[in-house]
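Residue-level listing of the chains:
Protein chains: 2
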Amino acid sequence: MSEGIPGEPSERFLRACQRLPVDRTPVWFMRQAGRYMAEYRELRQKHSLLEICKQPELAAQVTLQPIERLGVDAAILFADILLPLIPMGAQLEFVEGRGPVIANPVRSKADLTRLRPVNVEAQLDYVMEALRIVRPMLPDGVALIGFAGAPFTVGSYLIEGGPTRKFERTKSLMYSDPQSWHALMERLAGTLSDYLVAQIEAGAQAVQIFDSWVGALGPADYVEYVQPYSKFIFERVRQTGVPAIHFGTGTSTLLPLMHEAGGEVMGVDWRIPLDRAWELVGADVGLQGNLDPTALLAPRPVLQRQVKRVLREAGGRLGHIFNLGHGILPSTPVEHVQWAVELVQNSTEHGQELGT
Amino acid sequence: MSEGIPGEPSERFLRACQRLPVDRTPVWFMRQAGRYMAEYRELRQKHSLLEICKQPELAAQVTLQPIERLGVDAAILFADILLPLIPMGAQLEFVEGRGPVIANPVRSKADLTRLRPVNVEAQLDYVMEALRIVRPMLPDGVALIGFAGAPFTVGSYLIEGGPTRKFERTKSLMYSDPQSWHALMERLAGTLSDYLVAQIEAGAQAVQIFDSWVGALGPADYVEYVQPYSKFIFERVRQTGVPAIHFGTGTSTLLPLMHEAGGEVMGVDWRIPLDRAWELVGADVGLQGNLDPTALLAPRPVLQRQVKRVLREAGGRLGHIFNLGHGILPSTPVEHVQWAVELVQNSTEHGQELGT
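For the protein sequence lines, the chains are A and B, in the order given. Numbers 965 to 1320, taken from the numbering used here, label the letters of the first sequence in order. Numbers 965 to 1320, taken from the numbering used here, label the letters of the second sequence in order.
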């Protein structure tokens, strides 16, 4: 690890974000803090998801759990991409077995006018406070990641009122009332970028923007209805000097357009091999991913084979950050996640060649 | 339309399947018979979905409804991809608002041994009978399509016991008990190919194989766990001389591999523009698609723009069959579907150039 060069970070995760040489591939996992961990489940018996998010000490505690258990290279703040909707006026609840539910979804111009402006510093201070608590508690070499949802993905929850497979109401608003659609995207882009900048000021050393569901769109719709708003957010983050990861699932055909919108690192899922993703975005971009989270449910030899495939497809390129293609599943055994971390650590140390 | 050449079909849909010149682009829609139609909803007040499927006269009646209302170029038999699971022993029900539910899913070697062998001619004769009724009732020039699910997609329902977003149990079986996985795929490939051949003998002039959810996999898993079984099916269909359409959603990175498995025509969704899909599979393959079904909910000018984009991306190539990227949504207004048909008919007549 080439430490001490002025202006260069020493944390291997941050070095990879800048495509600087690293002693081994950095690794962390989306939803690395969560229900698959006994210590998290124990806390959830006493507190709801929203309670944990809103109490900075608890959020900080949960954020640190996987750092201790897994030895990953980055901590991601424990929070939810829908938190910024609460001060906007959304009645958000997390319903067991169903996920987030919004009792008063936005489906018309009239609904839109009821959305309130947000002062993120004041109204989401609990998130910033959690970051301020976590940052000095992190072990040396571990970086702190902040995050927000992207306007399309956050907007789709607000419109649908919950998880969806078809994005029927989202696309209907987009196609049938483009004026309201664009107004909503603009509003979300403003609030979400304020939120990211505030997180960076509170200590986040990198941010990830989750456009998890944008793969529901084709390229032309992405360009017309989504890209300008994502671009706005990445531009504001870029001005802070902190690296941004741009993540989505099922984005094979959108990847060059998403990269155009912004991000020093693109996060991709297992549907696109990393070598192919690099062909699409160019070698001057970092890539994060892309193990299938269900591979973490598999027996050790199968998991090992899948991890090695990801590393082989990454081919030791500068700017690879090992991660999943989506979040850790609640049914995942913790040991399997530990195996994956060890395997990445042992297979990529000193840039050693990877067998097939 | 070049009729009368020996060995060449006269129906424009079948001509397009063979990449023969057509007077205009053929058009039909997945789920063109269904809940968005008043005449179907009326019938459903008296009969369940399974009752309609199992009574050949009713299935035939529903199959013909969109032919009368829309003037499409092909009729697809009204049935469900999960019907072949019933004689295998699956307790299949369609639950309002949830979709298909299988009370006794297959999740282990023991479950697998309880699956019964199927005599499709005897046990699914109601499907063949419906085809025999429909075929002579079709107007001149309208072709009859039979269909089946592909082993992965049908298998995923059988394993999950219903619709899923994550395919957690499916992939778990695949990774953790590959022997049972391969045994299940083999069993399904046998039954599903028997079923397709029987449909062809009963009058289906083309077949579509729905691997609707295979886009949940990455390319390496597709090759290892799925492709051999899909290949087996397409090989058996190929021997009948009837064209096959190979359909899936979210398949951008799988498309060349799916094409390798088989299909004279590849069915793709709106996530991949047709010109790009053609680059991936080569010009000697037909393509079917790929309007976003939610575009049929949009006002006329937006719908028109989206239909024209699909036609522009198809670029008047031989072998384009206009369709959606997935099934018609129940909330779709019938007039919108009619607009789309008229637009395709009027925009592509005599191969006229398409404006932007």
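Just so you know, these hints were derived from the structure itself, not from any lab. Here the structure is a predicted model, which is why all the values come from computation and not from measurement. Just so it is clear, CB atoms sit at the ideal spot from N, CA and C, and this is done for glycine as well. Possibly wrong hints are sitting among the right ones.
[Claimed, not checked] Only pairs whose alpha carbons sit at most 30 Å apart, straight line, appear in this in silico DSS-like list of lysine-lysine: (1) K1073/B <-> K1130/A; (2) K1073/A <-> K1272/B; (3) K1195/B <-> K1130/B; (4) K1010/A <-> K1130/B; (5) K1018/A <-> K1130/B.
[Claimed, not checked] Derived DEER-like restraints, expressed as beta-carbon distance ranges: (6) E1165/B <-> P1142/A: 25 to 33 Å; (7) K1130/A <-> E1306/B: 55 to 63 Å; (8) S1295/B <-> Q1019/A: 38 to 46 Å.
[Unchecked claim] Some chain B residues judged to face chain A by a derived CB distance under 8 Å, without partners named: (9) G1126; (10) R1129; (11) S1144; (12) A1147; (13) R1151; (14) V1187; (15) Q1268; (16) K1272.
Now for the hints, and whether the structure bears them out:
For the hint linking K1073/B to K1130/A, the alpha-carbon distance of about 34 Å lies beyond 30 Å, and the restraint is violated. Between K1073/A and K1272/B the alpha-carbon distance is near 28 Å, which keeps this suggested pair within the 30 Å criterion. Our distance criterion of 30 Å between C-alpha atoms is met by K1195/B and K1130/B, whose separation comes to about 25 Å. About 28 Å separates the Cα atoms of K1010/A and K1130/B, which keeps this hinted pair within 30 Å; it holds.
Our distance criterion of 30 Å between C-alpha atoms is met by K1018/A and K1130/B, whose separation comes to about 29 Å. Here the CB-CB span from E1165/B to P1142/A is close to 50 Å, at odds with the stated 25 to 33 Å. Checked against the given bound of 55 to 63 Å, the beta carbons of K1130/A and E1306/B, roughly 25 Å apart, lie outside it. A hinted range of 38 to 46 Å holds for the C-beta pair S1295/B and Q1019/A, which are about 41 Å apart.
At its closest, the beta carbon of G1126/B sits 12 Å from a beta carbon of chain A; the interface hint therefore is violated under the 8 Å criterion. Look at R1129/B: its Cβ gets to within about 6 Å of chain A, closer than 8 Å, so that hint holds up. With 8 Å as the threshold, the beta carbon of S1144/B stays out of range of chain A, its nearest partner Cβ sitting at about 13 Å, so the hint is violated. A hinted interface residue such as A1147/B counts as satisfied when its beta carbon comes closer than 8 Å to some beta carbon of chain A; here the least separation is about 17 Å, so the hint is violated.
For the restraint placing R1151/B at the interface with chain A, the shortest Cβ-Cβ distance is roughly 22 Å, beyond the 8 Å limit, so the hint is violated. For V1187/B, the interface hint is violated, the least distance from its beta-carbon to any beta-carbon of chain A being 12 Å, above 8 Å. The criterion of a C-beta within 8 Å of any C-beta in chain A is not met by Q1268/B, whose closest approach is roughly 12 Å, and the hint is violated. Evaluation of the K1272/B hint against chain A yields a violated restraint, the C-beta minimum of about 11 Å exceeding 8 Å.
Violation of the numbered hints given earlier is confined to hints 1, 6, 7, 9, 11, 12, 13, 14, 15 and 16; the remaining hints are satisfied by the structure.
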